[in-house]
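> Residues 13 to 142, numbered by the working numbering, are exactly what the sequence shown covers, in order.
It should be emphasised that the hints constitute simulated quantities derived from the structure, not laboratory data.
It is possible that some hints are incorrect.
With a cut-off of at most 16 Å between alpha-carbon atoms, the simulated EDC-like pairs for lysine to aspartate or glutamate come out as follows [unchecked claim]: (1) LYS120 x ASP38; (2) LYS45 x ASP113; (3) LYS22 x ASP92; (4) LYS22 x ASP113.
Taking CB as the label site, the calculated pair distances span [claimed, not checked]: (5) PRO135 x ASN35: 44 to 52 Å; (6) ASP113 x GLY63: 29 to 37 Å; (7) MET76 x LYS22: 18 to 26 Å; (8) LEU96 x SER75: 29 to 37 Å.
Where a beta carbon is used, it is the ideal one built from N, C-alpha and C, also for glycine.
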Amino acid sequence: MSTPTPTPTKPLRTLFCIGVNQNFFDATADEAKAVWLAFGRMMNGIGELPGVHVLGNMDDDQSMVGPSVGWPWTCYVLADVPDLATVHAACNLFRTLPVGDGAYKLWKYCRVEARVGRELVVPPSVQAAA
């Protein structure tokens with residue numbers, strides 16, 4: 013008897029929707045610079061999580077002014093993520109990454125909401141009918 017070959021799981025297509033809070037806009041120049049540095053660490057941190065493939069990002073800051081309290085968000089990161097635990101780990105970066113001297117974490121200045129789905133693929137039966 014042979015052992016069945018495991019079926020590879022498809023990654024979770026995940027859209028990380030990021031909103032900037034009023035605290036960022038109220039920050040001093042030095043504090044805002046520290047937030048930007050922490051934000052860069054968060055962006056790199058998402059891409060460095062095991063099995064994550066960042067497909068791209070989009071910044072909406074030129075056509076949206078002020079804090080994001082929901083949709084539309086300030087920026088987005090689209091990634092293929094191996095599992096829900098990794099999606100949660102990416103969101104947790106906002107809770108854990110220190111800003112500046114570490115008195116505050118990144119989530120004081122911005123928020124994240126992850127939308128999890130799958131890649132949209134037109135079924136072959138539909139393609140054949142065309």
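> Can you list which hints this structure breaks, lowest number first?
4, 7
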